[in-house]
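Enquirer: Hints given; two lone chains; assemble the complex.
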Amino acid sequence: MNSLLQDDIILDCRAEKIFYSDFLAVRDSHVPIRKNQITGFIGPSGCGKSTVLRSINRMNDLIRGFKFFGSVQFHSMDIYDKKVDPVAVRRNIGMVFQQPNPFAMSIYENVAFGLRLNRFKGNMDEQVEKALRGGALWDEVKDKLKKSGLSLSGGQQQRLCIARAIATGPQVLLMDEPCSALDPIATRQIEELMLQLKERFTVCIVTHNMQQAQRVADQTAFFSVDISVGGRTGYLVEMGATKELFSNPQEQLTKEYLHGDFS
Amino acid sequence: MNETKNNLLQLPNLERHPFEPRALKSILLSTITVICAILACVPLFSVLVMLIYRGGSRINLELFTALPPTAFQFDGGGISNAIIGTLFMVGIAALITIPFGVLAAIYLAEFGPYSKIATIARFSAKTMSGLPSIIAGVFAYAIMVITMGSYSAWAGGVALAVLMLPTILLTAEETIKMVPKRMKEAAFGMGCTPSQSMTKVVLPMALPGIITGVVLAVARAAGETAPLLFTAIFSEYALEPNDPTASLAVLIYNYSNSTSENQLELAWAASLVLVVLVFILNMVSRWIGSRTRK
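Top line first, the protein sequences correspond to chains B and Y. Per our numbering: the first sequence = residues 1 to 263. Per our numbering: the second sequence = residues 1 to 294.
Quick caveat, the hints were computed from the structure, so don't treat them as lab data. Even for Gly, the Cβ is constructed at its ideal location relative to N, Cα and C. Hints are not guaranteed to be accurate.
PhoX-like cross-link-like pairs, simulated, lysine-lysine; straight-line CA separation at most 20 angstroms [as the list claims (entries may be wrong)]:
#, chain 1, residue 1, chain 2, residue 2
1, B, K82, B, K17
2, B, K83, B, K67
3, Y, K200, B, K146
4, B, K67, B, K82
5, B, K243, B, K198
6, B, K147, Y, K177
Partial list, derived from the structure: chain Y residues whose beta carbon lies under 8 angstroms from chain B [what the hints assert, rightly or not]:
#, residue
7, F88
8, R182
9, M183
10, A186
11, G189
12, M190
13, Q196
Isolated chain Y, as found in the complex (with noise of 0.2 angstroms):
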């Protein structure tokens, strides 16, 4: 007893001692980590940093604005058309899956989450949304390319709508399961019917958490090349939907194998381009989402 109560009273020993084996695997172990994290960077950077190497010097008005050269064409050209053969094509996308995906996405969260409809349509779109792209192309093929007889810009959209809806029902559905319960509480308290609680309420609170998946899953639609060799392949030509249609990512895809030093650079410029559209795509994303927490 006595005993005890001299240990309470001694000092205990505080001090640091940096050279003992624990201190030291400490130290060790978080230098790891820091190294790892630094390395998670490398990627990201050095795509970076050579594209703009490579494909900077092309970063000019001619660019956006010109149409691609000719293989016999030294120099001179731009991707103007495969510029917005994308954006017309991921626009198509969004028309298609925006609506489709939030409103199903409604209907899974709040009015039928436990029905088998909901549990199917769940189901496929987790599986879907790990769909290997080309299948979404090969499927485009078969029902627009075939039926209409010809490539299109409307076929390459439908390919990416394909791919995007997965993305855009599953975000929407989590974001309007995160809106708390309490909010519909007092939207149903105060005598809402569930579909003005769902307009008046949770919906404006979802939309940020909605519009960052919708954002992301253009930002990867848009970088798609497998789903657009089988539906809207290529054309030299200004945008013409009915036709073979060029994007940035399949334009890429022809040039970077051209002889072509001219096609070359164009690939390299494109490549540049299309990253900083995703970037700037990310970002937007980021930014909206950052505004929710308000």
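If we strip away everything but chain B, and leave its shape as in the complex, we get (with noise of 0.2 angstroms):
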């Protein structure tokens, strides 16, 4: 890798092995992630392309029987390191899932949450409307802001749950499939987002969709799956510029899934 550009990588995921049990889920998958930048994920289903995305933030800690090997170095700190905190970690690098899912309040209380959660002290009032700007709902919204979160379209309900991600003004979000539960139109309001926030934010994104890695991604990850060995390991097989990748792709397999003649 260029040494000059190695400065912009605020995140470093190296995935050596990620374990479910006893069944290898994602091996020898390097992902550098560029500062304001936007990352995408794509490969096939079960490629590991989610898995990987969780691992960055510590999400899979949830997931019984998760094991990871590898490093993920946020600044001068491996998150998996024993002294790390995962709680500390996920405050500092956000998450935006498929399906929408803001909390059973009120649009206000949902972009508050995190605030609260970190003990904010300044003017909530003017950082809930900053948020929901930069989630580019506020217009939308301002009048019905006691309204409950639940009550909002599903694009809306996406955009809440951005802009209540970035309140805490984290370094990194972390985006999986934001767009699959929405229609194009929702889906359009929602990239255009992404482009936004990037100026501010680094951003991931996992997609299904190449149309839209090659819209919004600077940086593309192609990931496949190996089942030469029995399992259905997921790893990556290219990563680089997005019209670098799409337009010369250095590998057979990336050149067979991005002309859709992959089995």
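Expert: Here it is, written out as structure tokens:
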């Protein structure tokens, strides 16, 4: 890797082996994530792209039998170091999920939730408004902040979840197929939002939609499934600048997948 | 080839044939199910009608305010001490079992669902929920009445608590587990500790279900007789928690054998009060349950 760009790397994820109990889910995947860029994770189902994404903020700790071998270097710390508190990791690396999952409370409280967790002492109203503007939702909800977050449409709920995640000012935002439950219009809004977000945050997005990766991602990581040794183990095939990867893939497997010849 | 083509073009027969054997069988079977459904309503309604018929005449202010009459008092008297006694003992049982049961359920559902303790606790709760209520009475007799040297409301409360605990624990565990996984993920993704996720996100969502379980357990306990026979027995005087205590269930049991017409009438009236109480509790639990769906 070019040493000049090394400084840009905010998160260096080296997933040597990820197990769910005895099942080897992911192997040999080195995914460097660059600051203020959008990194797309693409690949067929079961290729481990979500598993890798969720390993970055230790969400997988909640899954029984999860074991991670490797390291995720975030600033000068390995987030899998024994000294690291996974709760603190998740407060700095926010997450948006496939299914919009606002809490069963008001729009305002959804956004204030993380701020209250962090014992935020400043002007709460101001901070909530800022986050909702950041989530491109303010204009639609400013007159009904007291209404339940669940009363919004799917796309609005997802933007509320984004606003909730960015309210506490995380450095990295992980998005696990954030548009797969949304219609094309809502999808487009989220994509536009992501392009705005990368000015302030570093974004990683798992997507099944290759056009989406092309539209938003600066870097793209292509994962595939290795069924040669009996299991279904995911691994990183190649990673690079999105334009480069799509126009000139280095690996045969990538070429086949991008052309839709993948079996 | 040609033949099948013709068949396809032929208009299919769509007419109704109500007297075909197939149609008759269908009518017969659906009629039987309707009859069975109606029969299922009969026990509750006939009990209610009988109670209102036999006990309704004594439903007045005196019933709720006066103490029971003696065997030689030919009219008047009430069941106030039994109503208060039942509420008091059920209240003690609820105070014991709600914190206990809900906290244990949180552990079973969230913190150690696969641990050995959880497995054992779940198994014993399931076994206990089928426990004959008289055993709960004997148990409370042994640990409370014998050691304290007297029948008491406290002992009655403990006996009811033994009966209520498994219901509360198991329903609370189920409702906590039913909170969608994505809500827990959202909480953890925001940087909640496990206990913050529980108190701020999971418990508020599970609360209506937990309350439903509690109300159903209370409703069941309110009507229990056997555990109270060994622990609180009965009293004709006002509530004194350290002494034998009256309850609706035991009052019904005692007075239904009485030779005094007055006491017999009170037994009917008490039955009606008890059934209405249980009915109201069930309505409350259904009402709370229906509010969850929003």
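Enquirer: All hints are to be evaluated individually against the structure, with a verdict given for each.
Expert: Structure-based check of all given hints:
| no. | hint | in the structure |
| --- | --- | --- |
| 1 | K82(B) / K17(B) | 18 angstroms, holds |
| 2 | K83(B) / K67(B) | 17 angstroms, holds |
| 3 | K200(Y) / K146(B) | 18 angstroms, holds |
| 4 | K67(B) / K82(B) | 14 angstroms, holds |
| 5 | K243(B) / K198(B) | 18 angstroms, holds |
| 6 | K147(B) / K177(Y) | 26 angstroms, violated |
| 7 | F88 | 36 angstroms, violated |
| 8 | R182 | 4 angstroms, holds |
| 9 | M183 | 6 angstroms, holds |
| 10 | A186 | 4 angstroms, holds |
| 11 | G189 | 4 angstroms, holds |
| 12 | M190 | 5 angstroms, holds |
| 13 | Q196 | 7 angstroms, holds |
When held up to the earlier numbered hints, the structure conflicts with 6 and 7 and fits the remainder.
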